Amino acid sequence: MRHTGTIAMRELRSLFISPVAYIVLTLWSVIAGTFFLASLIGFQERLIQLKQFQMLQQIEQMNLNDNLIEPFIGSMWVILLFLLPAVTMGLVSTEKANGTDELLLTSPISIWEIVLGKFLAGAGFVTVMSLIIAFFPAILFAYGEPEVGKTLSGLLSLLLVSMTYVAVGVFASSLTRNQLIAFILTFVLLLILGMMLPFIVEISMAGSGMGRDSAISQVVNWMSTGSHVERMLKGLIDTADLAYFVLASAVFLVLSKTVIESARWR
Amino acid sequence: MGWVEVKEPEIRGRDSAETSSPTLAIEVKGLSKRYGDSFAVRDLSFQVGPGEVVGFLGPNGAGKTTTMRMLTGFIPPTDGYARIAGADIFDDGLEARRAIGYLPEIPPLYPEMTPRSYIDFVARLKDVPRSKRKESVERALSRCGLQDVARREIRQLSKGYRQRVGLAQAIVHDPKVLVLDEPTVGLDPIQILEIRALISDLAATGGQTILLSTHILAEVEAICQRAILLNHGSKVLDQPLSEMVSSGASLEEVFTKVMTREDHETSEAGAGAVA
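These protein sequence lines map, in sequence, to chains A and B. If you read the first sequence in my numbering, its first letter stands for residue 710, the second for the next number, and so on. If you read the second sequence in my numbering, its first letter stands for residue 288, the second for the next number, and so on.
Just so you know, the hints here were simulated from the structure itself, not pulled from any lab data. Where hints are given, some of them may not hold.
Label pairs and their calculated CB-CB ranges [as the list claims (entries may be wrong)]:
(1) B:Gly317 to A:Ile925: 48 to 54 angstroms
(2) A:Leu861 to B:Arg442: 38 to 44 angstroms
(3) B:Lys316 to A:Met914: 56 to 62 angstroms
(4) A:Gln927 to B:Lys446: 55 to 61 angstroms
(5) B:Arg442 to A:Ala847: 37 to 43 angstroms
(6) B:Gly323 to A:Ser936: 42 to 48 angstroms
(7) A:Ile732 to B:Pro363: 38 to 44 angstroms
(8) B:Lys316 to A:Arg886: 31 to 37 angstroms
(9) B:Val472 to A:Leu840: 45 to 51 angstroms
(10) B:Val472 to A:Ser936: 43 to 49 angstroms
Given the structure is predicted, the values throughout are model-derived calculations rather than measurements. All residues carry an ideal CB built from backbone N, CA and C; glycine is no exception.
Chain B on its own, in the form it takes in the complex (with noise of 0.2 angstroms):
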């Protein structure tokens, strides 16, 4: 099944993703955000080529939302830039938050209002066109499973159906980037997994780049092809799943391993500085 309203041609490969940087779905470089004399992120550098799927790892207070925020706009970094698909977070705001589905930690939505009036809602703010928005919405609605709830206020909604919803307002545009913080949250083992279907069937038949942040682990394993470590705010480790586990090492021992690490190293860090 082919997704509506897209623009141009993907351009994959690895060619692309190595050469100029327009063609990476995100770039991010040197970012980073200073609330006071603490550092939220710390001078934060990675790319994300099309089409790939990338688990955002850490423990709570790592980065991962701040990150995220930055990367969709919600706030500005103090330092440093990020690219979505081209275009500047900053300097061509708009344009790169047309490309960004966005799926915060508590999903935005208006209690009183039904998810199909939500989506449809969502979709005019997003810009899809006024021709295909119908269908758009419908699309959206079909993929999360929420037809059957379409005409009920989104207050009467489970916690399931509602994460399902706030899924559906960032796929609806068909977005190039798709950045979920912590979609499977505060949900039951059932659902957790009916998510996670999701995520993966978006990733395999959508072709969409998704950046998602979640402190479980055997989420990474199960739908990210690679995984990215925050830790106090920077970035411990960056490697595809398959390396690490032709490593011999599961992707809890590698970040146990990697977080104690890290921990060690700041205390002495911060011992020495009082020192």
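Looking at chain A on its own, in the form it has when it is part of the complex (with noise of 0.2 angstroms):
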């Protein structure tokens, strides 16, 4: 597994060499920092209104995690969704593009170590992303009182989620050699896997008589990352949870994997 490593740390300096990887951070920083900004003042005129009007049981209720922080990462959580495969969807396409691929495939590495290679420079970039959310909420632990354990259980979803998404991103850029169709084919998958799952199983089940509580639905709702994400954004840290995040990922890295080396056979 020497080689993965290797591969990663080429995977990240060309990344950074490419504007994708700094148009895509300067997006993602202006876009967190419009959204952090709007949640700010929105929190503040609430508690404003609320105060006016002595509704002093709401204003009570009013928390830094739960009204500002955990929407502000579920927000940037879909615009993830929109960035992400800019910055996968040349892992695996440009060495093909470029050729590269008979330089891999001919030296003495295995495809696992080409894979993991891969995801992990994917993972990396998508630390700097989560990295650059933390720094917000850092601000609010300066002049309030948020709550440590919840903060950090939103932030560690946004990272997981960013992984599972890249492992989405090296599978649909190893279908290809375009970057364009990679991204397009990232962007579907992440929306259908992200948000589009639970909406689908309704509309298709709506005649059927079955309800929300029907085992598929329940299964489809499981294999959707949105429900994860939510109770992992509300400071639910479950190991069930966890290991959705851990086998979504495995299970796309596999499939790169047979890609890759089917691509051998034909």
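Bring the two chains, given one by one in their own frames, into a single complex with the hints.
Written out as structure tokens, the structure is:
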């Protein structure tokens, strides 16, 4: 597995040479800053409103975690669906476009080392993205008293979901030599996996008389990343949710390995 | 000049090449590659001894690239086997690939990297030990005349230089066997002479076994000791150049004769099948 690091480092270096990395990081930071500021102002206005009407009970319930940090990270997760495909689209597809897949596949390395190297490079990049997000709640600690555990749980959910999405990106990128196709494919897969699965089931079962509690709808809800992210955002770190992220990543990495391997046989 | 990382001394000489197969640099037996109903390579067998420089000749589509891709483990054969320095390309793939330096038809380059960082990357992929890595990288760069451009981006380099970078990545781990797929195609005459000189130099000083494909006959005459002729995926001639010359015919005459006879036969066979 020692080549995994070699491949990951080369990929990261190339990523940071390309403008894509900087465009994504700039957009990410700007959007995060805007969202954060907007939710901060919203939080303040609501507090003033509640005070004016002497609604003490509601004021009691207002807190930085539930009313600011959680919606903030939640909306950044949605932005991730749009930006992440740009990061991962070239991971494997450019190797094919450059002809460098011929170098990798004729080197004394295993396909697993290639796949994991690509995944690690993407994981490194999304770690930087998550750290940028972590900066904003950190500001709140200077002026208020948010709950540490809940905040960290939310940030962890963003990091884990990003890594799972990187695995999806590696898979989509291994299917084509064209970066644009890889981008669109990743985006569609993320959209389905991230938010559309529950809706698809609901719509398709609308006439069947089966309710939300049916086995199928429960399974599909479990497959969707959305439900797991939401629970972690609320501060619940459950091993079942952690296992989901590991399992989902593993599934897409195994698929990537199969795709790269089968390309040889064509 | 000795090359770094020679794990075991090369066993040279005719007697060893004849008897046991592990000492052969390249051993190919019954190798075939089929795409659908048509064969890209059909029942190909040949052997290359250590230190030999062999030219792989044939028109476009003869199966040269396909054969090389099978030897280097890029694509699996449909049938038959091949061994590189005694290691089976399939059962012992990692060992076989470690023994090979390969320059594909299109040099596998990352345009955003510099030649130095790229060669260093390849050295890591090919398991050059950490203690010798820097030395191996610099040696490969200097052998291929890349020191002056080592800090520039590969995308800025001319085609000739890119080809040299491709060659440098093939030799950085001092492989026992070098497989070069049309190393001079698309270069200008001066660059062609330079690359040829470089290959001859590698064979002379590195003692490496070289298999190179080309469709330029003069190239084979200039650097190879032996020519293997392919047509329609099959071997049609396998002869040391010295024998060809002693028979009085030039390589071009032999080539033309074999190719036309071959085409005549296949068209006859085709006609026969229809009738």
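Here's how the hints hold up against the structure:
In this structure the hint that Gly317 (chain B) and Ile925 (chain A) lie 48 to 54 angstroms apart at CB holds, the actual value being about 53 angstroms. For Leu861 (chain A) and Arg442 (chain B), the Cβ-Cβ distance of about 43 angstroms falls inside the hinted range of 38 to 44 angstroms, so the restraint holds. At roughly 59 angstroms, the beta-carbon separation of Lys316 (chain B) and Met914 (chain A) lies within the given 56 to 62 angstroms, and the hint holds. Taken as a hint, the range 55 to 61 angstroms holds for the pair Gln927 (chain A) and Lys446 (chain B), whose Cβ atoms sit roughly 60 angstroms apart.
The beta-carbon spacing between Arg442 (chain B) and Ala847 (chain A), approximately 40 angstroms, falls within the hinted interval of 37 to 43 angstroms. For Gly323 (chain B) paired with Ser936 (chain A), a C-beta distance near 47 angstroms keeps the hint of 42 to 48 angstroms intact. A beta carbon spacing of about 40 angstroms between Ile732 (chain A) and Pro363 (chain B) agrees with the range 38 to 44 angstroms that was offered as a hint. Between Lys316 (chain B) and Arg886 (chain A), the C-beta spacing of about 34 angstroms keeps the proposed range 31 to 37 angstroms intact.
In this structure the supplied range 45 to 51 angstroms holds for Val472 (chain B) paired with Leu840 (chain A), their Cβ-Cβ distance being about 48 angstroms. Between Val472 (chain B) and Ser936 (chain A) the Cβ separation comes to about 56 angstroms, which falls outside the hinted range of 43 to 49 angstroms.
Hint 10 from the earlier list is the only one contradicted by this structure; the remaining hints agree with it.
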